[in-house]
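All chains, full assembly: derive it from the sequences and hints.
As numbered in the numbering used here, the sequence shown has no gaps in its residue numbers, which increase by one up to the final residue, 309.
One thing to keep in mind: the hints can contain errors.
To be verified - In silico DSBU-like links for lysine-lysine, alpha-carbon gap of 35 Å or less:
hint : residue 1 : residue 2
1    : 205       : 270
2    : 270       : 212
3    : 240       : 212
Please keep in mind that the hints were generated in silico from the structure rather than gathered at the bench. Keep in mind that this is a model prediction, so the values were computed, not measured.
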Amino acid sequence: MILNCGEALIDMLARVTGAGENAFAPYAGGAVFNTAIALGRLGAPTGFFSGLSTDLFGDTLVQVLEQSMVDTSLCLRADRPCTLAFVHLENGQARYMFYDENTAGRMITPDDLPAIPDAVEAMFFGGISLIQDPCASAYEALITRESAARVTMIDPNIRPGFIANEAAYRARIDRMMAQADIVKLSDEDLMWLEGDGDIAAKAQGLLAKGPRVVCITEGAEGARGFSRRGEVAVPAKKVAVVDTVGAGDTFNAGVLAALKQAGALTKSAITDLPEDTLHAALSLGVQTAAITVSRAGANPPWAHEL
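What follows is the structure, given as structure tokens:
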């Protein structure tokens with residue numbers, strides 16, 4: 004099983020009513036939630052761990068996860084509100100305003116961490132759940148506890164406007180990336196973390212800090228993967244882009260699903276990943292992300308749509 008660890012929330016997407024009024028419509032979302040949904044739809048054994056509200060939004064999140072074949076048995080239900088993210092699209096690019104104080108997801112602590120079943124072979128971390136305490140400390144404690152025994156992947160999916168303490172956030176992400184086997188960043192996130200410069204050089208610098216594989220997405224240019232064996236590149240699929248909500252999250256799921264299918268989600272396999280296996284993983288990531296951006300909202304494809 005691939006266990007996804009991080010936020011689930013309600014995206015409030017801008018809409019116009021039949022009467023011409025501006026409105027927001029609620030949709031289940033969150034970076035790590037989206038990756039779990041995409042993995043489940045691709046047919047990979049998938050689980051989800053987070054703090055989920057017992058309110059109607061929390062019930063919606065559980066329902067959507069289970070409809071996409073995601074195991075929710077490790078989720079912590081709490082009588083706290085659900086995180087809300089109001090989403091505004093500018094030229095197809097999503098901009099977010101988060102409401103996260105005292106929410107079920109935000110308030111989980113290291114003491115709340117569950118025992119991880121032996122069936123979990125890989126774990127995925129990322130999103131806004133790595134920004135604010137106490138949940139950020141909980142997820143860091145979890146990757147620290149589990150990374151020696153299981154393949155781990157992280158995608159910070161950086162939202163600069165949500166970061167109150169940049170120095171603490173940067174330090175946490177550096178520590179977590181050093182423990183992870185796979186690091187995925189968009190080109191924008193890479194430059195935010197490491198500064199401007201050549202993407203390949205920056206990716207190689209990250210490899211030197213501990214990860215076995217670094218994946219960089221470059222929007223319309225496609226994606227590149229870096230490992231001890233070298234660099235591979237996969238061009239983007241040409242599609243009519245509706246919006247980019249969930250694109251990177253779906254890419255992550257494609258990568259993990261392909262590695263699962265190849266039998267590469269072991270510590271030994273990921274340490275010396277063949278170039279053709281990495282290329283296949285990037286290819287599935289790009290293919291699934293292309294379908295997601297071709298339709299509104301974070302709506303990852305099912306396996307039969309590929």
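- When the hints from earlier in the document are held up against this structure, which numbers fail? none
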